[in-house]
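Here's the letter readout for the chains.
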Amino acid sequence: MRATAEQKGFPLPSSLKVVPGTEAAQAAYPYYMQFAKEDDERFWFYNSMHFPEPMCVFDMITAEAAYCALGSANTRVHSLPTTLGIDCRIINGRVYIGGNAVTDPAEIAKRTQEFQRRAFYYYANWERLFAQWKDKMMALIQEAEALPKLDLPEFEPLEHVHAGRGIASNHYILQTYQKTLEGYFRMWQHHFEFLLLGYGAYLTFFDFCKKAFPEISDQTVARMVAGIEAEIFRPDDELRRLAKCAIELGVDGQFREGVSPDEIIKSMERLGKPGVAWLKELAASRYPWFNINVGDGFYHYHRSWNDDLSMPFAALPGYIANAKKGERLERQTEKLMAERKQLIADYRELLETDEERAAYDQMIELAHRVFPYVEGHKFYCEHWYTNLFFNKIREFGGLLAQHGFFPKAEDVFQLSHYELEAAIVDLMTSWSNGSPPRGVSRWPAIVRQRKAAIAEWAKHETAPALGPVPDIIDDPAIVMLWGITRENLDAWLTAGEKPDSNEIRGFAASNGVVEGVARVVKSAEEIGRLRKGDILVCQITNPSWAPVFQNISAAVSDIGGSMSHAAIVAREYGLPAVVGTGTGTQKIKDGQRIRVDGGRGVVTLLE
Amino acid sequence: MHSSENIGWFNDIGLADRPTVGGKGGSLGELTRASIPVPPGFVVRTAAFERFLGALEKEEAIRPKVEALGSDQLDEITALSKYLRARLERAPLPDELNAELVAAHTELCGAGLDSPVAVRSSATTEDAEGASFAGLQDTYLWVTDAPATLRYVRSCWASLYSVPSIAYRRKYGLPESGVAMAVVVQRMVNARTAGVMFTRSPMTGDRSVVTIEGAWGLGSSVVSGEVTPDRFVIAKITGEISVRDVCDKHVQHLPAPGGGVREVETPENLRKAPCLTDAEITALKDIARKVERHYGRPQDIEWAIDHSGEILLLQSRPETVWSSKDRSPVAKPAENPLQHVMKIFGGRR
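Line by line, the protein sequences give chains A and B. Every position in the first sequence, counted from 1, becomes a number in this note's numbering once 110 is added. Every position in the second sequence, counted from 1, becomes a number in this note's numbering once 191 is added.
No lab work stands behind these hints: they were computed from the structure. Glycine included, every Cβ here is placed at the ideal spot set by N, Cα and C. Hints may be right or wrong, so weigh each one.
What the hints assert, rightly or not - Using 30 Å as the maximum straight-line C-alpha spacing, the simulated DSSO-like pairs for lysine-lysine come out as follows: (1) A:Lys220 with A:Lys321; (2) A:Lys320 with B:Lys523; (3) A:Lys451 with B:Lys273; (4) A:Lys127 with A:Lys147; (5) B:Lys463 with A:Lys699; (6) A:Lys697 with B:Lys463; (7) A:Lys147 with A:Lys376; (8) B:Lys523 with B:Lys534; (9) A:Lys320 with B:Lys516; (10) A:Lys451 with B:Lys534; (11) A:Lys642 with A:Lys632; (12) B:Lys534 with A:Lys220; (13) A:Lys445 with B:Lys481; (14) B:Lys523 with A:Lys220; (15) B:Lys256 with A:Lys320; (16) A:Lys435 with A:Lys390; (17) A:Lys390 with A:Lys354; (18) A:Lys321 with B:Lys463; (19) A:Lys632 with A:Lys699; (20) B:Lys273 with B:Lys256; (21) A:Lys451 with B:Lys481; (22) A:Lys147 with A:Lys561; (23) B:Lys534 with A:Lys320; (24) B:Lys534 with A:Lys321; (25) A:Lys376 with A:Lys561; (26) B:Lys256 with A:Lys321; (27) A:Lys127 with A:Lys642; (28) A:Lys321 with B:Lys516.
As the list claims (entries may be wrong) - Simulated coverage check for chain A against chain B, where a stretch passes if three residues somewhere in it have a Cβ under 8 Å from a Cβ of chain B: (29) 181-192; (30) 704-715.
Please model the entire structure based on the sequences and the hints provided.
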């Protein structure tokens with residue numbers, strides 16, 4: 111097996127070269143994320159699901175904090191029998207990860223015993239622990255919101271002096287930075303407290319369904335488990351509510367294409383009572399439901415609805431028009447619930463024996479118990495908290511930019527979190543001793559160089575995997591979170607052999623076949639280019655994209671599985687969707703005619 | 192439409208009548224009575240065969256001659272088979288029987304219209320089915336008049352005396368007195384598209400899907416394997432069409448002038464075009480579920496869609512391959528339901 115794998119294997123990490131001219135930018139990543147000689151012995155894959163674009167050096171904190179927390183949950187907290195944590199490397203801005211499998215039977219036995227004392231306790235007490243989790247998460251969010259504003263005044267405020275505070279403002283700058291980082295690392299610990307257990311229980315049911323009904327689609331199993339009133343639907347629900355309010359208050363005429371959110375808000379204020387009433391409703395929706403970003407929480411530039419209202423506002427005219435046509439805007443949760451119940455009952459009836467039905471009942475019960483966490487955690491972690499975190503770092507960027515460290519606040523993300531702490535200490539020292547900060551002559555050139563490197567790396571494709579192919583992939587984390595199986599890898603190995611194929615394959619996410627014009631939307635700002643009936647082609651969608659689905663005829667995404675946001679929303683809207691194509695946005699040209707077969711997971715290029 | 196000892200109209204028969212109308216005939220009657228669309232027809236019951244054979248036996252013994260043979264006497268079996276088949280195919284029907292069958296044919300097809308029919312043997316026992324199926328032509332399509340119909344009825348009967356059939360019966364020592372055959376006479380659909388479908392996946396045994404195979408023209412091109420049919424898989428419950436394999440259907444079977452079937456090249460624009468619309472796939476699935484529910488077990492179904500778009504079933508029989516497999520349960524209930532997660536976390540999946 112090993113020999114075959116090597117014959118047809120992936121390139122070794124040591125054979126991957128840093129793009130010439132970007133060596134200094136590559137060196138900016140922490141030493142423990144650089145590939146080393148011994149990494150050639152192991153299998154790695156490109157985590158394009160979470161990191162589809164080259165990562166600037168600060169944003170790598172998202173990988174660092176996430177894998178740190180995932181590993182501790184697996185290895186030390188719940189003791190997953192066959193796996194420890196995940197190792198992470200970066201080259202040319204691309205994040206590669208590798209699982210750490212446990213293969214020694216004695217070790218597995220020992221870990222199994224621990225697992226049943228730990229994980230089983232979580233399953234058995236899920237509701238209580240999850241309620242506790244929400245409290246912890248809300249407390250963490252409040253802590254982050256309460257972090258002080260950054261200020262280095264010319265003189266320490268008189269009241270601090272008179273109160274005898276004894277600690278000057280520069281100290282609080284460093285303290286706030288350290289608290290910001292600490293909170294972010296803690297958030298990821300919370301994130302993984304339940305996640306693998308949740309996915310595992312879901313996959314247990316999924317696995318049963320696939321064995322009992324080998325041809326059942328992933329989306330059907332997903333529909334049996336998916337919650338109806340999950341947090342991920344809320345932002346979109348809020349928009350529908352705001353559309354309805356606008357009509358009821360008679361202010362819906364203010365929403366016209368080409369008018370900016372600022373202008374609309376101003377015109378609402380001018381309208382007086384009804385306009386102000388609508389703005390009040392808007393404020394209620396924004397906190398907390400507009401705290402969703404247009405990505406998946408791994409890039410600083412995926413801003414939230416609250417940071418940029420153009421996305422939610424662009425959707426309002428459509429919802430208003432639909433409401434005026436008499437369409438019911440509220441999601442019909444009771445009807446959806448009844449449909450889910452019926453689906454579960456219908457498949458249950460198709461099982462061959464009562465014994466199987468009893469096992470099915472046990473498994474779906476557990477899947478339903480864990481799923482609210484699986485669906486709901488992202489809103490709190492990857493969206494709400496992550497927005498607060500990146501915005502706080504942006505504030506540090508603003509302060510440093512103001513003192514000449516680099517031209518713009520956004521440039522702060524070109525520094526690693528260690529470098530940023532050094533720059534902050536530099537600034538606090540400079541503020542204290544009256545000398546100019548040393549960083550002013552250091553950082554602008556480095557920031558330019560790193561930005562150029564990111565732009566360069568984006569032009570280069572990277573190998574989907576590296577190193578020897580394992581005989582079996584038995585790591586539940588890798589299988590669950592990334593859908594990596596031996597079959598996938600074999601497909602990747604042969605993918606290069608048919609470069610001319612006009613077909614792109616992905617996960618069958620939502621049933622139906624549609625032909626139409628592809629609109630390749632690389633960032634949320636481009637959403638305005640979508641015309642009614644277009645096929646959306648994008649890297650990833652998340653809850654903030656939901657409003658777009660009212661206008662498109664199908665969706666294709668680079669990233670995501672059958673439970674990804676694009677898949678869930680597409681099913682809600684009854685649109686065909688293929689997700690997890692890997693390369694859709696690269697291979698499909700803007701304006702090209704394509705066919706999307708959401709039942710088979712195939713996109714065909716028609717011209 | 193009066194059924195009699197010799198004739199059973201589809202409306203009057205069901206599976207319970209299998210001993211006299213055979214499996215195929217009983218099933219068509221059963222479907223008709225369950226209000227599932229089936230082209231009209233009747234069965235020439237085994238009594239008619241007995242009457243016919245009885246008349247022949249009076250002239251010269253048939254059954255004793257067969258019973259006298261040993262299963263290893265292949266030369267003798269071959270010689271007797273040739274002689275008996277020729278005799279059965281040539282002998283006229285007893286007058287009364289002849290008149291009754293012609294009258295039934297007229298009633299089915301309309302006097303002077305001679306609408307085409309299919310004539311198909313309908314064996315009364317599994318054994319007979321196994322024996323008579325040994326590669327023998329026992330289905331006659333697009334038969335356009337009463338004389339031809341009666342001729343093919345006799346051909347079906349004669350197939351009981353094929354070499355493999357006789358050899359089979361001799362091998363197992365089956366008594367000749369129990370050997371009988373019914374024959375189905377059914378109006379034929381001038382199919383635009385036809386094929387087969389299974390109420391479970393023939394590949395995986397999955398009972399949650401209906402697998403449909405179809406091609407242009409008459410279904411014989413699909414059944415005989417002369418064309419690679421389009422293949423569709425549709426989920427019974429959600430109606431999702433998960434597979435749409437559209438193949439190059441290079442030929443199709445069409446009615447031949449003067450009766451029978453001819454193979455013609457499929458027009459270029461149809462070869463690689465899907466032979467079914469999504470609406471038709473869904474309608475076929477609905478009918479398949481109805482049939483399966485009626486029988487209470489997975490079915491293997493032949494269907495056709497005529498030029499007006501009407502769907503008709505030509506045959507339904509129990510699926511046997513997967514149904515007879517011993518299968519261990521996918522999972523058993525666990526005393527502690529949490530144990531199920533060890534399938535995912537326990538390793539060695």
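Checked hints:
1. A:Lys220 with A:Lys321: Between lysine 220 (chain A) and lysine 321 (chain A) the Cα gap is close to 29 Å, so the pair holds against 30 Å.
2. A:Lys320 with B:Lys523: Holds, because 15 Å separates the two Cα atoms, which is no more than 30 Å.
3. A:Lys451 with B:Lys273: Violated, at roughly 64 Å.
4. A:Lys127 with A:Lys147: 13 Å, holds
5. B:Lys463 with A:Lys699: 27 Å, holds
6. A:Lys697 with B:Lys463: Satisfied, since the Cα-Cα distance of roughly 26 Å is no more than 30 Å.
7. A:Lys147 with A:Lys376: Between lysine 147 (chain A) and lysine 376 (chain A) the Cα gap is close to 60 Å, so the pair fails against 30 Å, i.e. violated.
8. B:Lys523 with B:Lys534: 12 Å, holds
9. A:Lys320 with B:Lys516: Judged against 30 Å, a Cα distance of about 19 Å means the pair holds.
10. A:Lys451 with B:Lys534: 25 Å, holds
11. A:Lys642 with A:Lys632: It holds: about 18 Å lies between the C-alpha atoms, which stays within 30 Å.
12. B:Lys534 with A:Lys220: Distance ~17 Å between lysine 534 (chain B) and lysine 220 (chain A) Cα, so the pair holds.
13. A:Lys445 with B:Lys481: 26 Å, holds
14. B:Lys523 with A:Lys220: 26 Å, holds
15. B:Lys256 with A:Lys320: Cα-Cα ~57 Å, so violated.
16. A:Lys435 with A:Lys390: 26 Å, holds
17. A:Lys390 with A:Lys354: Distance of about 14 Å is within 30 Å: holds.
18. A:Lys321 with B:Lys463: Given pair lysine 321 (chain A), lysine 463 (chain B) is violated - Cα atoms ~33 Å apart, limit 30 Å.
19. A:Lys632 with A:Lys699: Measuring from Cα to Cα gives roughly 12 Å; hence the hint holds.
20. B:Lys273 with B:Lys256: 13 Å, holds
21. A:Lys451 with B:Lys481: Given that 30 Å is the threshold and the Cα spacing comes to 22 Å, the pair holds.
22. A:Lys147 with A:Lys561: OK: lysine 147 (chain A) and lysine 561 (chain A) at ~28 Å, within 30 Å.
23. B:Lys534 with A:Lys320: This hinted pair holds, its Cα atoms lying about 13 Å apart.
24. B:Lys534 with A:Lys321: 12 Å, holds
25. A:Lys376 with A:Lys561: 36 Å, violated
26. B:Lys256 with A:Lys321: Distance ~55 Å between lysine 256 (chain B) and lysine 321 (chain A) Cα, so the pair is violated.
27. A:Lys127 with A:Lys642: 44 Å, violated
28. A:Lys321 with B:Lys516: OK: lysine 321 (chain A) and lysine 516 (chain B) at ~16 Å, within 30 Å.
29. 181-192: Three-residue rule met by the stretch 181-192 of chain A, so holds; n is 3.
30. 704-715: Coverage by chain B holds here, the residue count being 3 at a Cβ distance below 8 Å.
The structure fails to meet hints 3, 7, 15, 18, 25, 26, 27 from the earlier list, while all remaining hints are met.
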